[in-house]
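Participant: Using the supplied hints, reconstruct the complex from the two chains, each of which is provided in its own coordinate frame.
Chains as they are written, first to last, in this note's numbering: chain A, 1 to 357; chain B, 1 to 260.
Certain hints may be false.
What the hints assert, rightly or not - Covered stretches of chain B, going by a simulated chain A footprint (3 or more residues, C-beta under 8 angstroms):
1. 157-169
2. 178-184
Stated by the list, open to error - Using 20 angstroms as the maximum straight-line C-alpha spacing, the simulated SDA-like pairs for lysine to any residue come out as follows:
3. A:Lys-53 to B:Asn-177
4. A:Lys-14 to B:Lys-84
5. A:Lys-101 to B:Ser-77
6. A:Lys-102 to B:Glu-173
7. A:Lys-100 to B:Asn-177
8. A:Lys-130 to B:Lys-84
9. A:Lys-101 to B:Val-180
10. A:Lys-53 to B:Tyr-82
11. A:Lys-102 to B:Tyr-160
12. A:Lys-101 to B:Phe-175
13. A:Lys-53 to B:Ser-77
14. A:Lys-14 to B:Ser-85
15. A:Lys-100 to B:Thr-174
16. B:Lys-176 to A:Arg-70
17. A:Lys-14 to B:Tyr-160
18. B:Lys-176 to A:Glu-72
19. A:Lys-101 to B:Pro-181
20. A:Lys-100 to B:Thr-170
21. A:Lys-130 to B:Asn-177
22. A:Lys-101 to B:Ala-75
23. A:Lys-101 to B:Tyr-160
24. A:Lys-100 to B:Ala-75
25. A:Lys-102 to B:Leu-225
26. A:Lys-102 to B:Ile-90
27. A:Lys-53 to B:Arg-159
28. A:Lys-53 to B:Thr-170
Bear in mind the hints are in silico, worked out from the structure with no lab data behind them. Think of the CB as a built atom: it goes at the ideal place given N, C-alpha and C, for glycine as much as any other residue.
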Amino acid sequence: MSFLVIEDLQVDLKEFKLKGIDFSLEEGEYLTIIGPTGAGKTILLESIIGFHKLLKGKIMVNGRDITGERPERRRMGIVYQDYALLPHFTIRSNIEYGLKKKLGAGDPSIPGRIEKLASSLNISHLLERKPGTLSGGEQQRAAIARALAVEPRVLLMDEPFSALDPQTRKRTRRLLKKIISDSGTTVIHITHDMEDVWTFADKVSVLRNGEQLQFGTADEIFQRPACMYTADFVGTSLYPGVVEKRTEHSALIDVNGLKLNSADVAVLEKSSVDVAIRPENIFLSEENPGKSLEENVIHCMLADIMEEGSVCTALVSYEDIIFESLVDRATGAAFKDRIGKDIFAVIKNEHVRLIPR
Amino acid sequence: MRKVNFFRAVLIALSLFITFLLVMAIGAFFLVPDWTEVIENFFREEMIFSLKLSLWTGALSTVLVLLFSIPIGYALSRFDFYGKSITKSIIDLPVAFPELVLGLALLLLFGNTPVGKALQSMGINLVFTKSGVVAAQFFTALPYSIRILKSTFDYIDPRYEFISRSLGYTQFETFKNIAVPLSRNGMIAAVVITFARCIGTFGTVLILAGGSEGLTNTLPITLYLNISYGNMGMALTSGIILITVSFIAIFIFEKTEARL
Numbered sequence: 001m002s003f004l005v006i007e008d009l010q011v012d013l014k015e016f017k018l019k020g021i022d023f024s025l026e027e028g029e030y031l032t033i034i035g036p037t038g039a040g041k042t043i044l045l046e047s048i049i050g051f052h053k054l055l056k057g058k059i060m061v062n063g064r065d066i067t068g069e070r071p072e073r074r075r076m077g078i079v080y081q082d083y084a085l086l087p088h089f090t091i092r093s094n095i096e097y098g099l100k101k102k103l104g105a106g107d108p109s110i111p112g113r114i115e116k117l118a119s120s121l122n123i124s125h126l127l128e129r130k131p132g133t134l135s136g137g138e139q140q141r142a143a144i145a146r147a148l149a150v151e152p153r154v155l156l157m158d159e160p161f162s163a164l165d166p167q168t169r170k171r172t173r174r175l176l177k178k179i180i181s182d183s184g185t186t187v188i189h190i191t192h193d194m195e196d197v198w199t200f201a202d203k204v205s206v207l208r209n210g211e212q213l214q215f216g217t218a219d220e221i222f223q224r225p226a227c228m229y230t231a232d233f234v235g236t237s238l239y240p241g242v243v244e245k246r247t248e249h250s251a252l253i254d255v256n257g258l259k260l261n262s263a264d265v266a267v268l269e270k271s272s273v274d275v276a277i278r279p280e281n282i283f284l285s286e287e288n289p290g291k292s293l294e295e296n297v298i299h300c301m302l303a304d305i306m307e308e309g310s311v312c313t314a315l316v317s318y319e320d321i322i323f324e325s326l327v328d329r330a331t332g333a334a335f336k337d338r339i340g341k342d343i344f345a346v347i348k349n350e351h352v353r354l355i356p357r
Numbered sequence: 001m002r003k004v005n006f007f008r009a010v011l012i013a014l015s016l017f018i019t020f021l022l023v024m025a026i027g028a029f030f031l032v033p034d035w036t037e038v039i040e041n042f043f044r045e046e047m048i049f050s051l052k053l054s055l056w057t058g059a060l061s062t063v064l065v066l067l068f069s070i071p072i073g074y075a076l077s078r079f080d081f082y083g084k085s086i087t088k089s090i091i092d093l094p095v096a097f098p099e100l101v102l103g104l105a106l107l108l109l110f111g112n113t114p115v116g117k118a119l120q121s122m123g124i125n126l127v128f129t130k131s132g133v134v135a136a137q138f139f140t141a142l143p144y145s146i147r148i149l150k151s152t153f154d155y156i157d158p159r160y161e162f163i164s165r166s167l168g169y170t171q172f173e174t175f176k177n178i179a180v181p182l183s184r185n186g187m188i189a190a191v192v193i194t195f196a197r198c199i200g201t202f203g204t205v206l207i208l209a210g211g212s213e214g215l216t217n218t219l220p221i222t223l224y225l226n227i228s229y230g231n232m233g234m235a236l237t238s239g240i241i242l243i244t245v246s247f248i249a250i251f252i253f254e255k256t257e258a259r260l
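For reference, chain B alone in the conformation it holds in the complex (with noise of 0.2 angstroms):
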């Protein structure tokens, strides 16, 4: 008769039990509501005005992200320079942090530091602004996608830029025509994941551009705020709606993918 290997059965136990309560979970948001009322709260003035400012907040944001994220991914994953181990260190820090300890950390650098005397002399004001949102979600998702295109990068054989060097090519004309089309399924998960970072990101959002309804109450602060009043059927609407394009991206992203 053949063994039972326990360590094998212990180990995908395990994994199938945490899924079946990620389902149960997810599904919960599906089964409780009544979704006559879910379709009412989904045409009402707040949502709408949740669900574009999520959108736009998080595409805006996710555009940044990349313009940043990209070149410093680059630069960490290929070029030596001092100070690497200790840059590298700092820009993961805020995936260590609480969200809502690097909102707090933000609302100090934008309020009354000089960085933040500096960009209101220059007509941006970062502190309860839409403005804010957006520097919120930035900074919250930009670790992420740096690590996914640094080890992206990683994986490019550095001999493919020699190659493009050794034919006549520039540095940045051997990035442009080599590192990013061969980064191209990196660059694609990166942007879903940053968006989907950014439209959920509440603690960063909440401290440093408030929670004041009709101005920047994305989603998850729209979902945190009729909790808080008791509105249930409201709660559950947005989150329904961040679940829905959360799967929408993912779904995106592996059509895509496959595509490629």
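Chain A extracted, bound-state conformation (with noise of 0.2 angstroms):
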């Protein structure tokens, strides 16, 4: 059995509800939850925790099932957005005050503990200030030592880095993976940002109006989005197609017309499928490559080429078909004066994932 099950896990808050949450994770396991706004991203991490009442469900932690266990002995802890520091204790005493309570408030070990996470997080310096005079990034490091400082059997972070300017966050997050795998603790991250989700995720949940749309690794909601939605929110390309021909290593799709190959085989011949294309698996070409058995080269036509922050996005068309491929800025700049123009769009079998419907 895994280490942390949440089976059919339903919530009823009058205004929201939570409807049959199902997934599993194994201990060490790091488990990234995305959705919109309202998605119930929080209520799922409070509702786990025991600051909710369940309506229908269960939660197993190491065989056992804690559902009905009161918040304070699940062992469990929490780190919130805006991360919530006692504002009457300095930043020793937020620490300090899990420790207290787990090891007794005598204990000879306590300060020892405090000064290694709090050097460990870089926050030393910071703990006999108050809270509201720290930066949020000192904040945010301050909110996980208090977390951790308890080992809890599985941390729960609601969007810990979003207050967080980009350098900030990109620090925190390199300094949060290394404390994590040191520590082996199993956590539940809700994000909003993809970038989180490729650091950290061994598994993926996507929540929507309360209701969980797919569960699985990151490869898996990426490469194969089960729905319209998910495709949409991580950036993955659905195109529906029909499964002309079928041999032991590869498939022939039709798209609308236009045949790709893909190395996925798990399907029928003549079934209908979804072909789900990652935009950073397409590759823009001024020439014809030539033909080959392991990709698939798509004489297109350059739409479009849109910057977005750090890379640029490109749009191809094949007739009613538009592609978007990832390109750095460079690469972009240099496409620019071939919008309108002939273009070859190279996309790998194996990039091509099926999606039967």
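Facilitator: Written as structure tokens, this is what we have:
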């Protein structure tokens, strides 16, 4: 049995309902929960830790049913988006608070534990300060230290990086990754940022309107989104097609007249499928690279180049079909004068993923 | 030329006008009387008795009000329970009641009803006694304190308490360690408002505890009794003492609030 099992979790808060959430995690696994605002992500975290009464369902940790257990007995830690550091305590007292309860107020190991944790999170110099005097990044590290101090069996984090500037977010992400992997804690992390998913996630859950649309490995979610909504949310393009022919090593798919080869062969001939292609897996070439058994070469027209932060998205069209390709800014700039002209889109067979309908 | 904003001007003028009337009314207490007479009246046995009675009953009632209003305010702020809405409305009722009506209701309750008889069998008689003064002040001030404390707890982010629970503390420990210290300013406000309300309670005390001189005559009752006898000097002295005590309470509140 898995370390953490969430089974048919249902919560009714009158104004919002969570409808039958299921997932399981092995010890030390990292789950990110993604979904739009109002999907019920925070309520899910607060229900797992025991702050909301379940209408139905079960929560098991290490084979034990903890559904009816009080929050203080679940040994789960939580880090909120705005950190919720206790304002009347110093940072040291915030970290010490849980340790005092766990080990007893006079335990001689407490100061050493605080120093060690503070040092690993670079907040040793802030221990005597009150939360209100700290920057967002400092408060965030203090909140993580407080949660980790009591060595929770499961750490729950609600968008912990969302209030940080990009540089601090990057640094904190690196630091957290090291600390989490060293401690081996099982983590559930709510995020809107796909960078967090790429950096941390072993598993991903997609939530919308209180329902779980998909649960799986990060690769499954990105490469084989189960529905159009998930595909759109994670930036994968889906194209409806029909399997024309299937051999031992490849399947030939007809997407509105365009023939695509896929390495996925777990499909039936003549069956309807969704073809999933990630934008970073479509390469553009001004020259025809020539036919290959391993990849699809599509003669397209470059429709547009859109700058999006540090990268560009190139829109290329084949008749009515539009493909999105991710290119770096230099390539994007170089392609700008080719808008409206021919271009070749190259997609490896293994990157043409098939989702049976 | 800048246009006159009539809306703004009318609202400000209204505020200043009412403030002016209040200052004049309060000022009259200090300008009208003969101060030698006020000092003389202050040291009269009746006045000293009234002042002492008002202070100790006010202090005792304030403690009792807090003992009830802190848990009730917290419950109304944090918990959902069957009948919460109606409970809240009933607790608030005395705010809307005329004090005389509240006093009469308490007189009936603590008189010959099973509640009154049960209390009397335990040796607690609240009708026409000093204990009645405390009961009257308690029921008059309680809803105000509950309102202040409920709003205070409403303003405390419940996630601080969630965090405390997640770190191993029970609901009661969390209330003690987190909710109580974070509601300190609200509690100080509740103490001041409750105390001021208690020593100023007139109608409820008059009906439940009676206006017996030398027994239940708190400062407001002394003021009323002396007005009815035509003894303006004693009435004014009672008023001045009441105003002074209220000022001191507000002053202590503001000083304490500023220090926190």
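Participant: Of the hints given before, which are not true for this structure?
Facilitator: Those not satisfied are hints 3, 5, 8, 17, 22, 24, 25, 26.
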